[in-house]
Structures are given as structure tokens and as C-alpha cells.
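Novice: Here is how the chains run, residue by residue.
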Amino acid sequence: MNAQAQAQPVSQPLTRDEMAQRVAADIPHGAYVNLGIGIPTSVSNYLTPEQDVILHTENGMLGMGPEAHGDEIDPDLINAGKIPVTELLGASYFHHADSFAMMRGGHLDIAVLGAFQVSAGGDLANWHTGAPDAIPAVGGAMDLAVGAKKVFVMMELTTKKGQSKLVDHLTYPVTGLTCVTRVYTEVAIFDINPATGITVTETFGDATVDSLRELTGLPLLDGTN
Amino acid sequence: MISKIHDSIDEALSDIPDGATVMIGGFGQAGQPIELIDGLIRCGATDLTIVNNNAGNGEVGLALLIKSGFVSKIICSFPRQADSHIFDERYRAGKIELEVVPQGNLAERIRAAGAGIGGFFSPTGYGTLLTEGKETRTIDGRNYVLESPIHTDFSLIKAYKADPMGNLVYRKTARNFGPIMATAAKTTIVQVTNVVELGQLDPENIVTPGIYVDRIVQLAQGASI
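First to last, the sequence lines map onto chains A and B. For the first sequence, the working numbering assigns the number 1 to the initial residue and increments by one for each residue that follows. For the second sequence, the working numbering assigns the number 1001 to the initial residue and increments by one for each residue that follows.
Check the hints yourself; a few may be wrong.
As the list claims (entries may be wrong) - Cβ pair distances, simulated, as ranges: (1) B:Gly1199 - A:Pro49: 35 to 45 Å; (2) A:Pro28 - B:Leu1146: 12 to 22 Å; (3) B:Lys1134 - A:Lys161: 51 to 61 Å; (4) A:Ala131 - B:Lys1095: 12 to 22 Å; (5) B:Asp1088 - A:Glu67: 20 to 30 Å.
What the hints assert, rightly or not - Once the Cα atoms are required to be at most 20 Å apart in a straight line, the calculated SDA-like pairs of lysine to any residue come out as: (6) B:Lys1134 - B:His1151; (7) A:Lys82 - B:Gln1081; (8) B:Lys1073 - B:His1085; (9) A:Lys149 - B:Arg1142; (10) A:Lys150 - A:Ile54; (11) B:Lys1073 - A:Pro219; (12) A:Lys82 - B:Val1060; (13) A:Lys82 - B:Lys1134; (14) B:Lys1073 - A:Asp133; (15) B:Lys1073 - B:Glu1059; (16) B:Lys1073 - A:Ala134.
Unchecked claim - A few chain B positions that, by computed beta-carbon distances, are all more than 12 Å from chain A: (17) Glu1035; (18) Leu1098; (19) Glu1099; (20) Gly1118; (21) Leu1130; (22) Glu1135; (23) Arg1137; (24) Phe1177; (25) Gly1178; (26) Met1181; (27) Gly1199; (28) Leu1201.
Derived by calculation from the structure, the hints in this document are not laboratory data. For each residue, glycine too, the CB sits at the ideal point set by N, CA and C.
So that you can see chain A by itself, here it is in the shape it has in the complex:
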């Protein structure tokens, strides 16, 4: 593994901001996109005006602009994380049932979500740790998982204890089944296809497809060339 690692070009694992930048670069022109609460929200910092991406927030808005500051703050204009935001030209407001209908109905191109675990079959766990004393709270996570045309996950590849969060089968409670399209981590990007399995499309730092196979225990396909 070391020999292979040394054979790779020298680079560093991605920082969270670089992950966000990488996700932003993959969003097609004019896409309708929902960015989940937490790390995914930072993707908006790297979207360019030329991309013409339209952001959806599930509390009832398309055309969401950047976070509001100072005089811009309006308590009636917030995002799903309840942070004050701004509106862009062409924005629209709608009620909650419409907002989730556009999600569930397959009208959103991409949802970017965080995760505790993603399985080889594209199952997603991101709403509940399974801890017996945790108060369950799901919000829109399950709707986004099954509704968007593509689901991109942003997560660190391993837990703090070093266990892979890309797994054969979920051990955390399910958010959605066979819903994840692609996983962005600090060491690699993984494409998920329930029929063919997981393909590594890009590695960062000293990660190699072999080292990722060893870390995850999964028969990863090599799509890095």
C-alpha cells in the first residue's frame, strides 16, 4: 500500500472548503439545487454567477441568495437552517406542500446532503445516530433523499475512530434506499450505481484505489483513468 501511495502524485486530502468547491464545479449550468443543512450549505460560496444555478430551500423558496447581513436581515426570509438569507432576481415563494411536491415529484436536479453512512447500494443514513437517548428529528432529509434526480453526498470518508462511512450495509437508521448518486470525500470521489457498484472516479492526497479498497472493505471499481 505504501509503495502504491508513493507512486501517486503528491497532493493533500481536500479541506472542507475544497470539497465544497469541487461539488460546486460539478453542478451543471441552470440546475435547480437544494443544499442540505451543514457542510453542503458551503457549496453556495463557490457557485459562480455564470453557472446560473437556482437554489431551492424547502421552507418555500426558489432563487435563494446569499446569507443576509446587517440591514438585509428579514425574519420572514430564512433558509431551511433558519438562517436569514436574501432573494435573487426571479425568486419565487410557495407553501410547504408545493415545496415538497417539487422535490418529491423529481423536479429538483440535485440535492447535496451530509451523511453518517452511505452503502454500496446507494442507501443513505443521515438523520439519526440510532442512540437510544437521541430525540428523533428528520426534517426534510427523507424527502430530499428520495425526491431529487441526483443526490450528492459530502462527508469525511471515515469516522473519528477511523471506520469507513462508505459501507456494505448501513448500520445507522435509513434515511432513503438506493438514492445516492455520488459521494464526495476528502480523499476520493465515488460514483454509485446499484447495478455495477461503486466506482472511484478521483483520488486526493496519497489515497489510491487499493488503499480505499482496504479502508472500506468494498470491491471498488477503478474509474480514475
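Add chain B to chain A, keeping to what the hints say.
Specialist: Then chain B, alone, in the frame of chain A:
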């Protein structure tokens, strides 16, 4: 001429009995009818079942209602937040029952109630803890869960402008659950800061037609009652 305008909050809420089910609008504090909730606390009805997206923030509105001890059950999607300590304490003490519903299913169950739908098959939550025991069906290769409508005795919502017939418009993301909750209760009570004369609302732009609205209370701008 019809006028649904009531002079005081307390009078508008006076017939809410013990054991009532009450929908309360708002997503976080945007669209939350704080003054109506304060009135509900003064009204003193106990053993309430509350439907809201959240379970209260800080020490105002819904959080205060929960603190009052008048709420025996809450149906919501996201009870756990950084400032939901009042709910957390009562939940951990076993003093409040919690039904967690994925946000889009919550919205659609409310919409279904108002639209006379007896149930619907939703893909959201299939295969998860939140839909265990519910009827499922596979339709055109996709898996769905049977969800039921949520009817309530009362809805308390906040709008931006109303006319005396009960036609409503909302403001920005404060619209959220208002339009669907207005349809799903036997009695819908609305707080607004602006009551306008008949004809002042453009019929093309009315969001909630007056047929869904029973009582309106006008608040002075910035008033606490």
C-alpha cells in the same frame, strides 16, 4: 357585508376546548403566530395535540406553550434544535408524546386533509423507522408508503394581509405552512398586521381564498397582544 374580523385574540380563541387538536403555522419563528399562541396559553385549554414543523425555539411562542404543560402530544418533523431545550426537557421527562413525520409527508398529510383526500402513497420514508408498520405498495417499480391526512379542530396561522372576507396574502418564507393549515382545520384563525378593505387585494394574487378562513385578528405593528 361579511366580516371575519374579531376585536380581540382572547375572544377569537375562546372556544378552544381541552383535548383540542391545533395546527400552528410557522417554520422556526418565520410565520409563527406568536400572539395567537400567547392567547392559547391564556385560554388555558389543556391536553392539546399540536401540529407544527418544530417543537418550539427559545422561550417564546410554541416553546412557552409547551412549557405551560398544556400540550400532551406534538406532531412535527424537527423537534430537536440548538434552542429547543423546553421541549427536550419535557420529552425526556416523559411528559409529552412525540410523533416525528418527514417534513414533506407532514405537509402533504395536511394538504390531503384540506383537499378531502383519504390517504396517499408517498415514497418518502419507505424502508425507514418512521414508516414501520404502515401499509406499503409498489407502483410502477417504485415503493410507497400509505400516509393518512391530518385533520385538526383549529389552525392558528399568521398572514401578512387580510381583507374582511378572509382572503390572505403572506410574506416571503413566512408563508410556509399557512396556506395548507388554513385548509385542514374545522376552524382557522389568522393573525395579521394589515387588514385592508375589500378590493385592496388583487384577486389574481390571493394565496388563501377566504373560504378557508373563519376568524381574523389584526395586531398593531410590533404589538405583543
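Novice: Which numbered conditions among the earlier hints are violated in the structure presented, ordered from lowest to highest?
Specialist: Per hint list: 2, 3, 11, 13, 18, 19, 21, 24, 25, 26 violated.
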